[in-house]
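Whenever a hint applies, use it, and build me the whole structure from the sequences.
Note that the protein sequences, when read in sequence, are chains A and B.
Residue 823 in our numbering sits at position 823 of the first sequence, with consecutive numbering throughout.
Residue 105 in our numbering sits at position 105 of the second sequence, with consecutive numbering throughout.
Rather than coming from a laboratory, the hints here were simulated on the basis of the structure.
Be careful, since some hints might not be right.
[As the list claims (entries may be wrong)] Cross-link-like lysine to aspartate or glutamate pairs, in silico, EDC-like; alpha carbons within 16 Å at most:
{"hint": "1", "chain 1": "A", "residue 1": "K814", "chain 2": "A", "residue 2": "E777"}
{"hint": "2", "chain 1": "B", "residue 1": "K85", "chain 2": "A", "residue 2": "E777"}
{"hint": "3", "chain 1": "B", "residue 1": "K85", "chain 2": "A", "residue 2": "D685"}
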Amino acid sequence: MITGPLIIGVSFAYLGLLFAIAYWADRRADQGRSVIAHPTVYALSLAVYCTAWTFYGSVGRAAETGLGFLPIYLGPTLIALLWGSLLLKMVRVSKAERITSIADFIASRYGKSQALGGLVTVIAVIGVVPYIALQLKAIAWSFTILQHYPEVRMPDHSSLSFWRDTAFIVALLLAAFTILFGTRQLDASERHEGMVAAIAFESIVKLTAFLAVGLLVTLGFLGLNGPELPSVVGDERLASMLEPLLQPSVAPSQDWFAISLLAALAVMLLPRQFQVAVVENSDERHLRRAVWLFPLYLLLINLFVIPIAIAGLITFPEGGVDADTFMLTLPIAFEQPWLALLVFIGGLSAATGMVIVETIALSTMVSNDLVLPGLLRRWGGRPPAADLGRLLLNIRRGAIVVVLLLGYLYYRFAGEAYALVSIGLISFVAVAQFAPAVIGGLYWRGGTREGALAGLLVGFLVWMYTLLLPSFAKSGWLPPVFMESGPGGVDILAPLALFGLVGWNEITHGLFWSLTANVGAFILISSLRDPNATEAAQARIFVDALRQRHPTSAPLWRGSAEIAELMALAERFLGVARTRDAFANYAASRGVAAPTELPADAGTVVFAETLLSGAIGSASARVMVASVTEEETLGLDEVLDILDEASQIRAYSHQLEQKSQALEEATAELRAANLRLTELDRLKDDFMSSVTHELRTPLASIRAFSEILYDDPEIPLEQRKRFLGILVSETERLSRLVNQVLDLAKIESGHADWRTEAVALQQVVEQAIAATEQLIEDRGIQVRLDLDSRPAVVWGDRDRLVQVLVNLLSNAAKFAPERTGCLEVRLFPVAACWRVCVADNGPGIPDDQLDLVFEKFRQSSIGGHKPAGTGLGLPISRQIIENLGGHIWAENRPVKGANLCFELPAHSAETLD
Amino acid sequence: MSKRILIIDDEPNIVISLEFLMMREGHEVRVARDGESGLAAVRTHRPDLVVLDVMMPKLDGFAVLEAVRADPSLAGTRILMLTAKGREAEQNKGLALGADAYMPKPFSTRSLVDKVKELLATAD
Numbered sequence: 001m002i003t004g005p006l007i008i009g010v011s012f013a014y015l016g017l018l019f020a021i022a023y024w025a026d027r028r029a030d031q032g033r034s035v036i037a038h039p040t041v042y043a044l045s046l047a048v049y050c051t052a053w054t055f056y057g058s059v060g061r062a063a064e065t066g067l068g069f070l071p072i073y074l075g076p077t078l079i080a081l082l083w084g085s086l087l088l089k090m091v092r093v094s095k096a097e098r099i100t101s102i103a104d105f106i107a108s109r110y111g112k113s114q115a116l117g118g119l120v121t122v123i124a125v126i127g128v129v130p131y132i133a134l135q136l137k138a139i140a141w142s143f144t145i146l147q148h149y150p151e152v153r154m155p156d157h158s159s160l161s162f163w164r165d166t167a168f169i170v171a172l173l174l175a176a177f178t179i180l181f182g183t184r185q186l187d188a189s190e191r192h193e194g195m196v197a198a199i200a201f202e203s204i205v206k207l208t209a210f211l212a213v214g215l216l217v218t219l220g221f222l223g224l225n226g227p228e229l230p231s232v233v234g235d236e237r238l239a240s241m242l243e244p245l246l247q248p249s250v251a252p253s254q255d256w257f258a259i260s261l262l263a264a265l266a267v268m269l270l271p272r273q274f275q276v277a278v279v280e281n282s283d284e285r286h287l288r289r290a291v292w293l294f295p296l297y298l299l300l301i302n303l304f305v306i307p308i309a310i311a312g313l314i315t316f317p318e319g320g321v322d323a324d325t326f327m328l329t330l331p332i333a334f335e336q337p338w339l340a341l342l343v344f345i346g347g348l349s350a351a352t353g354m355v356i357v358e359t360i361a362l363s364t365m366v367s368n369d370l371v372l373p374g375l376l377r378r379w380g381g382r383p384p385a386a387d388l389g390r391l392l393l394n395i396r397r398g399a400i401v402v403v404l405l406l407g408y409l410y411y412r413f414a415g416e417a418y419a420l421v422s423i424g425l426i427s428f429v430a431v432a433q434f435a436p437a438v439i440g441g442l443y444w445r446g447g448t449r450e451g452a453l454a455g456l457l458v459g460f461l462v463w464m465y466t467l468l469l470p471s472f473a474k475s476g477w478l479p480p481v482f483m484e485s486g487p488g489g490v491d492i493l494a495p496l497a498l499f500g501l502v503g504w505n506e507i508t509h510g511l512f513w514s515l516t517a518n519v520g521a522f523i524l525i526s527s528l529r530d531p532n533a534t535e536a537a538q539a540r541i542f543v544d545a546l547r548q549r550h551p552t553s554a555p556l557w558r559g560s561a562e563i564a565e566l567m568a569l570a571e572r573f574l575g576v577a578r579t580r581d582a583f584a585n586y587a588a589s590r591g592v593a594a595p596t597e598l599p600a601d602a603g604t605v606v607f608a609e610t611l612l613s614g615a616i617g618s619a620s621a622r623v624m625v626a627s628v629t630e631e632e633t634l635g636l637d638e639v640l641d642i643l644d645e646a647s648q649i650r651a652y653s654h655q656l657e658q659k660s661q662a663l664e665e666a667t668a669e670l671r672a673a674n675l676r677l678t679e680l681d682r683l684k685d686d687f688m689s690s691v692t693h694e695l696r697t698p699l700a701s702i703r704a705f706s707e708i709l710y711d712d713p714e715i716p717l718e719q720r721k722r723f724l725g726i727l728v729s730e731t732e733r734l735s736r737l738v739n740q741v742l743d744l745a746k747i748e749s750g751h752a753d754w755r756t757e758a759v760a761l762q763q764v765v766e767q768a769i770a771a772t773e774q775l776i777e778d779r780g781i782q783v784r785l786d787l788d789s790r791p792a793v794v795w796g797d798r799d800r801l802v803q804v805l806v807n808l809l810s811n812a813a814k815f816a817p818e819r820t821g822c823l824e825v826r827l828f829p830v831a832a833c834w835r836v837c838v839a840d841n842g843p844g845i846p847d848d849q850l851d852l853v854f855e856k857f858r859q860s861s862i863g864g865h866k867p868a869g870t871g872l873g874l875p876i877s878r879q880i881i882e883n884l885g886g887h888i889w890a891e892n893r894p895v896k897g898a899n900l901c902f903e904l905p906a907h908s909a910e911t912l913d
Numbered sequence: 001m002s003k004r005i006l007i008i009d010d011e012p013n014i015v016i017s018l019e020f021l022m023m024r025e026g027h028e029v030r031v032a033r034d035g036e037s038g039l040a041a042v043r044t045h046r047p048d049l050v051v052l053d054v055m056m057p058k059l060d061g062f063a064v065l066e067a068v069r070a071d072p073s074l075a076g077t078r079i080l081m082l083t084a085k086g087r088e089a090e091q092n093k094g095l096a097l098g099a100d101a102y103m104p105k106p107f108s109t110r111s112l113v114d115k116v117k118e119l120l121a122t123a124d
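Below you can see the structure in the form of structure tokens.
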């Protein structure tokens, strides 16, 4: 049912699907609609951390050591809490400096040192190649095991010829695949979007496969429709095998601590992890989701490790089946062919994901930090006139093939030896050697190139001595006696018990000594001299990364350069089109029309160098740029001066920005004030014109009647009296108008004298009614009072309040019909205020004029007739009430007539005298 | 000779004085208290002369003036504008719209009476 051709067919279909996803994502990226610009995709791509070693090996470790598999996932979970600072700094610096690999990162930090980049590359290749071998073995083994379905049989380590060895074919296929994925174009900092999309997809596949097996087994344990599992009870041998799993313990604690720390460092420093987490990051905000989503992924993929390990141990009690294969052999034993195939694909995705990303990262490092510096030295700084971009891509392709073949050879010769099984953690320790240089470089300004070199070298040597050589010895390649007593029989130098340190597991032991030596050498050698100019400049970018949103290189360069030569150099690596684009953008950002008009200054040279860094790494870029320019050496003092100046300029431009902002605000305020003044001027004009009109009208009557009376002595007495009456009332109107205009002007200008006292509104109402009694009686109008019995005390000026009420009352009296008129004065509390309303049964106010009645000279007419009065009573009333902190408004009564109300804040009654 | 005179003004006391002055000259006087009823009165009573205030409710003096001048059947109507707005711009606007004369308030009764006489004389 499951045959070799079927497995091969499914595997190819799966790889084809991966390639289709990658191709689609690349196309989308070219169109500017990136599929990976999503925080979930980013977090899933980080799960490339979980390789075949996790997929198959976790169960193996659990079967052997119980919870011992857990620290490998606990460490990354804990370090994720620090990503907000640590990883954010790495991402930000790498974006600004166009950093392409962990080797480039370390080289760039310590003055763009080629030696450092090369050393890091060598360590990474030596440390990681065996790890790649492990993946090849996983694919080959799982293929062979599945091929024997339904039989459960361990593959024997064959000595087949290369061409019939599955692992070799897998290695070649993966090399071809990786070349297609990873070396499409040169500018590595442009990222491999297709690859990331495929990796994120693989993370989903391997998790699904793992959870499927876990669920099957767990259902079996619970007796729910799953496979039948033999009983454990009563079998002592089995019980002792299961003991570490059923009685988990975290002892010895130093191992837990060491392996957690190791995994925490590896999850950021492994070349593939640096590639997906830093180089391929498209937006630093994605980190925020990764901080919880990545640990959640780790939790899920570890959820069923223990149940699967227990199920494996009791299903295969004879021990003939390798615990590392339980993931695959359990579904076979339970006769679940499709699940077995799914597990195979899950394992394939875990292995291919790791291999693809790791070899891309390694090939970038090998080409930029190992091969290119060598070529540069051979060319003597003057590269031959060739398409260097194509050359570099070919170097990378070659590096991919070589790395994978090295992995295969390691697999072939190490085979089933101990060296391959334990290589996962040993690889981690090798990569952990980068930690002092990386983390120290991000938080400590004092590190120097020599310090970093010394630390890395010493740490790496101790790693080889305490971990790599013993693993060779255990594989039988070195005499075992080497492990127990040191070289030449010096016990104190025994690789597994260095300086008499015994009782620790070898990983803990090796990690402790290698990191101790590494950190010690790094600090000691660094402290021998102060950082030089370039180191100080790079330290500033790396350490202060969080203080600047877009860290930039200060223009630390002096000398003479030709723009044309810089462009020609870049063209040879990046091609004409992309170089022209990049230079044109840069020219535009500096406000220059064309690249050829760019000044050949420090800024331009630093730009060209950063541009090249994206393709060939910072150290090589520095050398290349130096080959076409003539640079004068800058002393440390000068560098510090320039840095100082740069920060001063930043501060100054910040100040300027603030000042110009303040200026803008002031201008806006002035403009608003001017507008207000113009408006006030217009209002004043309107007011003057209105006042003039109101003055002329009574004056016209006065003059007319005076002249009539003067000219004509024969007017009958009755008429004469009537005319004199008009004269008197018009004179009164005139003086009232003058008084009110003055009053209003006084209130509006703020010159009015206000007496502030506690006033009871009941008394105010009574006083106002007494003042308007005559008018009200003359018109035969009734007044109804409805006043609250509690003293309505407000804080204000009694006379002014009486004035308001007199205005309201006389207004109402004028509008109420003669004889049948009826006024109602009400006083009642509303919330923390007292409200007074004066209502009449007159014609009311048109709705659209309710607000206008408080404007000057806006008189509502009574049946088309002009009411007596100045048109200033209500405006004055409004001024008074608003001055006392209240408000006044007009409304129409539901039946007929207007209702004018005002409200004033209540004052506590105690202060009333 | 008795003429028909229409006073359009919303100030009651000014109306009284104008009414007195015109009646003393022997004219037949009618009164309207706002622009709308004033315009209606012009149309129904066909006065020889209208004394027209500018600032009035409903329809102002300029609007009344325009309406009268737009109606050819009312072509012979003399119009004397009175206004408390003393600015020259107002005066020019009134004359431009076709008023026969323009007097600011407060006015001299004697010049008003003379102006009315003068306007009525040209009408014959």
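Results of checking the hints against the structure:
no.	hint	result
1	A:K814 / A:E777	holds, 12 Å
2	B:K85 / A:E777	violated, 36 Å
3	B:K85 / A:D685	holds, 13 Å
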